[in-house]
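Undergrad: Each chain, letter by letter, is given below.
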Amino acid sequence: MKAAAHPLARGQRPGLGQERAWHIFLWANTFGLGALFVVAIASLLWKGGAKATFLTWYPTPLSGAPGEQGMRVLLGLCFYGVLGWGVFRLWPGRARLSAGRQRHLQLALIALVVMAALAFNDHLPRFLLLMPKEGSAGGGVGPMLWNTVTAAVVSGLVTLPIGVGAALYLRYYARPSPILSALRVALDTLASLPSIVYGLFGFLIFVVQLRAGYSILAGALVLGLLNLPLVVSVSEESLASVPRALEEASLALGATTAQTIFRVSLPVAWNGILSALVLSTGRVFAESAPLIMTAGTTVSRVQAYAWDPSRGGATLAVHLWYVNNVGLSPDRAEVSAATAAVLVMLIALTNTLAERLRRR
Amino acid sequence: MSPRSGVWAVWALVAIACDRSPPPPVVELPFEASTLSGTVRASGSSALQPLLNLAKERFERLHPEVNIEIAGGGSKKGLVDVASGAVDLGSSDIPAPPDLAQRLHDHPVAILVYAPMAHRGPATEGISALSLEQLQAIYGGQITRWSELGGADRPIVVINRGAGSGTRQVFADRVMDGRPFVETQTEDNSGALVAKLIRTPGAISYLSLAFEAEALQTISLRIDGQVVSPTPRAVRDGQWPLTAVAHVYTLGEPSPLAAAFLAFLRSAELEAPIAALGGFLPLREQAQAELSP
Amino acid sequence: MSAEVSLLPVSSDPPHRRRSFGEPLARLVFTFAALLVLLSTLMVLGFLAQRGLIGLWAIGPAELLLGADWRPELGRFGGRPLLFGTAVSAALALLLGGAPAVLAAIYSVELAPAPARRAMERLMALAAAVPSVVYGWLALVHLVPAAAQVGGVLYGDGAPGGEGLAVSGVLLGLMIGPTVFLLSASAFAKVPKDLREASLALGASPLHGALYVVFPAAWRGVVGALLLGFARAAGETMAVQMVIGGARQLPLHLFTPTTTIATQLVADMQNARPGTLASDALYAMALVLLVFSALLVVFTRRLLLGGQK
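Chains as they are written, first to last, in our numbering: chain F, 1 to 360; chain A, 1001 to 1293; chain V, 2001 to 2309.
Because the hints were derived from the structure by calculation, they are not lab data.
Misleading hints may appear alongside valid ones.
Claimed, not checked - Stretch-level coverage of chain F by chain V, calculated; a stretch enters the list once three of its residues show a Cβ under 8 Å from a Cβ in chain V:
1) 93-100
2) 136-146
3) 171-182
4) 258-264
5) 293-299
6) 330-340
7) 348-359
As the list claims (entries may be wrong) - Think about it this way: if two alpha-carbon atoms lie no more than 20 Å apart in a straight line, the pair counts; the simulated EDC-like pairs of lysine to aspartate or glutamate are:
8) Lys51/F x Glu1057/A
9) Lys2190/V x Glu237/F
10) Lys133/F x Glu1125/A
11) Lys133/F x Glu1057/A
Computed from a predicted structure; not experimentally measured.
Using N, Cα and C, we set each Cβ at its ideal position, and we do this for glycine too.
My request is simple: use the sequences and hints to build the entire structure.
TA: Shown next, in the form of structure tokens:
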């Protein structure tokens, strides 16, 4: 649209004032919308960012829950890792180094991050380490972080094989049939359901029918179902973008369809599929209604950092709702701001990751 | 150095900057080893949450391997959850309905005391007591302005409890006497209700006395021309009508761990701290008083 | 569409299949995954429809959809306040969030410089992924007090709390805005370049081209984006629950507390004993929501597919 403007387009003609007004209106509308979100997100990070990112001078004592030390090391690896990666990427002097030097620098940074995670993990932001407090001030979100990760991993384990399998079926094996059209309708329906309906379904199955109580497993299964349409459609798209010539060459060399899929199509389409997985992880971070109905809103003290996904547990988003609507803590404003900041940072991270994967 | 990396450098500096606040105190654990371990899950009445939280903190300190999870949600949710096996303990301000009562075991733990509370502000200036008839008229929708009660000329923002709330049930029985509520905004949990009352000028609601706060005006009752405040004495003498027995239900016999926790809830050593919370009276003192219908 | 999707003619490929054991196995596994998707959809619909139809049968569709009084504790299941709250707050969201988003999309795709467009798209992608409870919390902290002020100016004493359709409309507008922006921006970007160049060649300004050429050419995509935004707004739960007030009544004006289907579902479901009429009525309401959003999405898809022919 940057074409050289036609003389008639620039010249004086009736309606020019009106056109200017339109232009200004559209600009103000666009700028306003963008500014609104920038301000909203920036104010979130400003209010809660310090609590969620500042390292502490004094070490935070352990609460005594089993597995807490391991969790802290893990968190330290992520935290210091992101820090180190940022320093490496953004250090302006890096470009002057040779490739070998850069590799050495990378290795040194990795060693530094591991050492920091082992030695300084009790200086991580206190908010990320502490247990939540129900009735008093000063609670953290340590177990919520771990619950969120558990839910994301379990739902990914459910969604990825089924979603990619269904996408492969649709792309390479399906022939027009009533089953195929039923499958398309099913995917559309799944994509259209409001998340609360998934929550009701999970509640009906796991809590009411199976009497399994609230569990992260139930929540993750429901979220896996919720993410299926996304994973299927993105995987299908990235499979469709695999050059046809590659697949045909593989077939011409005598490979079977399955061999072609595993040796040619999947490796080529893999980044796109991974980006679908990352996007669906972002949705697990963000969803609240289905999790409130299936995974509950509490945190278990003994199992706070357990591997067992059949424990009940609140994720970060659920905690944000809970603190404002059910909890009794007097510092709910600060806890909410910090939780929201952590959530937004996590979402920004997944979004950037998905974007990078898709572009590669 | 590009502007982008400048932004990042600033951010990294901010992240490296330290939070120099002292760490939270370490909880001293007792020396004798406890044989109890496991998890007890509870949900239900939000009016009972302060009491259960108190007991949970102390019980967990005595038994480091034990984990008590307490969620709110409302008395009816507590009853539904415990009956379906979703939780081990269901707390409720109201007795279980007859069809559930056969399967559930009742463990009364304390006397709950409620009071009407209002936003403290110009609208409610000087209103410290209301009669039951006035409360009925407020919640029935006949009185809609504070000026009709002697306050400023501001509307009354009536906040009711959610349909699942046991507190609502108690209020309906003791104050409304079966008259219908006017439909107003509702809040399901005490925590959010307190926040809303503090936020909204001219708002009134009713909740457990344990939530009494500086920013809230607790309203006494005028009964037979006499002002009754929710003091322990008034409750003990039966003058304060807004009380209920706090029940904790289990599905069948409680597990050994749940039984230990329930016993702890009703033990003598918890009586003084419970009384200090403000909204509860230990049940033992009240054993002779007939409070439940 | 499905016909050209099956790329490799498997059935006419017998020699390979005989040689390899992996081939039928892979086929079986992938087909199984696809059937699993189908099966789980049927399970979701089946379970909800089973409970929901029981409720619908017991209450009667007329009462459930038109009755004015929703008070399960008194055995009254009139869904009009819920439906009204859902429809009006979603419509407000379209007006306040959807329309500006479409305009912003056409401005940034057609008229803004490329870096501005890229920045806007990245910002909107982030904003679309921000959890709904975060928006709900922001609205609770900032919008509700502001609405109390505005309502006080407009209605005097009639709007002291601030909770109501106005806040939930603005909140939902904020939430669907980024989604509508992204979908309609991609619809505008798909309009062939020839059209724009033809319009410029005829002497039209870029703005004229954007509004009179690109916009009409992409209308199906825009309507589709708005409909999906509407469906999302109608189904949003926790964020709306934080700001709408939860009064089961038809609102007097935009600053009166009221309720929506989704918020009432989440508020009542946990108190309703499974198997009772109160619980089945909620499933019936969920069924209404489900059918509504499914119809909306099917309609959108047909609209978009119609554009491809």
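Undergrad: Please go over all the hints and tell whether each is borne out by the structure.
TA: Against the structure, the hints:
no.	hint	result
1	93-100	violated (count 0)
2	136-146	violated (count 0)
3	171-182	holds (count 10)
4	258-264	holds (count 5)
5	293-299	violated (count 1)
6	330-340	holds (count 3)
7	348-359	holds (count 4)
8	Lys51/F x Glu1057/A	25 Å, violated
9	Lys2190/V x Glu237/F	16 Å, holds
10	Lys133/F x Glu1125/A	35 Å, violated
11	Lys133/F x Glu1057/A	10 Å, holds
Violated hints for the displayed structure, listed by number in ascending order: 1, 2, 5, 8 and 10.
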